[in-house]
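Number of protein chains: 2
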Amino acid sequence: MSGFLRQTLRNVTGYVPGEQLDRPGIIKLNTNENPYPPSSKACAALATVSPEMLRRYPNPTARAFREAAAAVHGLSPDHIIATNGGDELLRLIFATFAEAGDRIVSTDPTYSLYPVLAALEGLRFEAHALDNTYNLDPQAFLRFACGEQPNQGPATIALIVSPHAPSGMLFTEAQLTTIAQGFPGLLVVDEAYVDFIAPEIGHNLLPCAQTLPNLILLRSLSKGYGLAGLRFGYGIGHPDLIADMTGLTKDSYNTDVIAQALAEAALRDQGYAMDTWQRVRAEREYLRSELSALGCRVYPSQTNFLLAELPPLANGNSRAATAYAALKQAGILVRYFDTPRLVHALRITLGTPEQNAALLRQLKPLLT
Amino acid sequence: MSGFLRQTLRNVTGYVPGEQLDRPGIIKLNTNENPYPPSSKACAALATVSPEMLRRYPNPTARAFREAAAAVHGLSPDHIIATNGGDELLRLIFATFAEAGDRIVSTDPTYSLYPVLAALEGLRFEAHALDNTYNLDPQAFLRFACGEQPNQGPATIALIVSPHAPSGMLFTEAQLTTIAQGFPGLLVVDEAYVDFIAPEIGHNLLPCAQTLPNLILLRSLSKGYGLAGLRFGYGIGHPDLIADMTGLTKDSYNTDVIAQALAEAALRDQGYAMDTWQRVRAEREYLRSELSALGCRVYPSQTNFLLAELPPLANGNSRAATAYAALKQAGILVRYFDTPRLVHALRITLGTPEQNAALLRQLKPLLT
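One line per chain: the protein sequences are X and W, in this order. For the first sequence, the working numbering gives the first residue as 15, with consecutive numbering after it. For the second sequence, the working numbering gives the first residue as 15, with consecutive numbering after it.
It is possible that part of the hints are untrue.
Heads up, the list lumps identical chains together, so a pair's fine if it works in one copy or across two of them.
Subject to a maximum C-alpha distance of 25 Å in a straight line, what follows is the list of computed SDA-like cross-link-like pairs (lysine to any residue) [as the list claims (entries may be wrong)]:
#1 K55 x R70
#2 K342 x S306
#3 K342 x N329
#4 K55 x R293
#5 K342 x E66
#6 K342 x N73
#7 K342 x R77
#8 K55 x Q292
#9 K342 x M67
#10 K378 x E323
#11 K342 x P74
#12 K378 x R355
#13 K378 x P38
#14 K342 x D36
#15 K55 x E66
Hints listed in this document are in silico derivations from the structure and should not be mistaken for laboratory results.
Using the sequences plus the hints, can you model the full thing?
Here it is in structure tokens:
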């Protein structure tokens, strides 16, 4: 820490991203990447990048990407802001719509970046505990978000990850629109995992994002499109909300010309992406039933990961902590959160069938 | 503007980047891109990007790039932070080292993004006027930065663009180290144009960035390396300053895997880059003498642009404003700043010999 770090950051702990081991042969099931590579059309877009495109500044708002996203989603480009990963969108939302000292709310647990970003912006972060099945009572959340204490006004921003991390739980359109309509602040629904929802559920918040003035949806190409290396996300919302960020708070050229081209190609290739989502869903059902058969409590997931609670050890200690370490030793990374609520759980990204089989082989002896 | 925009941003005007016209045949001499394309080795790095690299999260600190930059500059990777363009570094410096309400100082004129970023972070931006040759009196600047008013303490951060924009003036090592050593806050020297300094001057602040605890140098690949489309910059400074930003305030994965690979390849190809800088310098001398012969006052430049003051029209109005519009009509974009100090000036990016000749052809009738 330097002597120049500002006072209000001196007690803030930075966000710690999942481990990125570079050892060959590692099976990475800890950071929710898609197990399948990006569309060959996205990779082919690399060859279309010319020296002249690199030499000149990119389009500041990723116009061509936004047109592609608008076509795919049935929106107008004015509903969309392209960002350097979904994380940049979260930062922009805080920087644009919340004043230092404001109250920001989410669920507990939630994406662990939210409280870090809130602290960096000088915001007060408060979380409403989900029930023990990770479900969300919209009326209870609304009361919490609107302020239950005397003299406590409504929060400025509420953030809900849906499908939820780290549980995998999908909150319904009815739950989320009830909150959006009853909440006077801004509701951010972080849909980083939306692509993995079973299509037969018919979940779709896009019409709400067009009609409700206070709803922003976060989308990411890191998970659904196999492009975590690219850093590309986008926000969907009312054109006035989008314009506030585009015109005022985002860096002038926040996304680069190559990323814009690949993101556009990946998004336009819906057929390929949908095929990878279907394959992930098939493995999700398989791995969930296998882990359940081994005595784990596995929550229903509409994402590309499973939250599995392992039975405690005979002495009451966390078997999950032991399993995490043993798996790592065997070259398999999963995510372990050392918090009271998650002390017995592992969050396991769905891999290829071969990777999932390897995980089960290593886990079995640890569970019997 | 939405009803959700926070109060303190309602009177802030966003940064307006230079025009990026897409009409074919446009000669773009308005945003200081390098007229020459990036190294063929950087372009070749595109072919090394594999689907697997795209699928996984990138190295969060651009390790390989930082090692390359450290080797080129004779530093350690701990002295370096890689950022999504130099603009991200500026934002990080403000967010990390300045508290809302703090006083931030620079020169007048300066890079017009500084006051915008300061306003977004709730900082008070104040500028010390350069003299009428755009030179900087370090003692006068120090007195200003340290606070001349009663009860006014020193500024938290001082920013100096050197070589200076929009004048092209290089401030000397002696001027800048005098300021760094006498200033109790953080000094940021924005070296976006450093690559175009004539090598015989022997200007080099890198040793100071290793020894002084309060100096951060900003570097960019947008200008010197012909990679404006890539969004890649970096900061150089004491490891404690770098760690504050890397560990706390930067987004976890702020630069993407492709940009990291291309930036590394471009930086390692110093031979090619230096050749483009030499060609730009040769044109700088030529264009300066031609514009001077046409009656313009052209400031000595160590950058890849020239600031030329055009004689006013007979009625006293700005000939520069007229010339800007006429050049645009003819398909040549230059930068015109509509501010009292710069009302008679054009900032002209140095193009290829052919582009500069075309500029002169169009300008001549406007100057006689």
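- Tell me, in ascending order, the numbers of any earlier hints that this structure violates. Violated: none.
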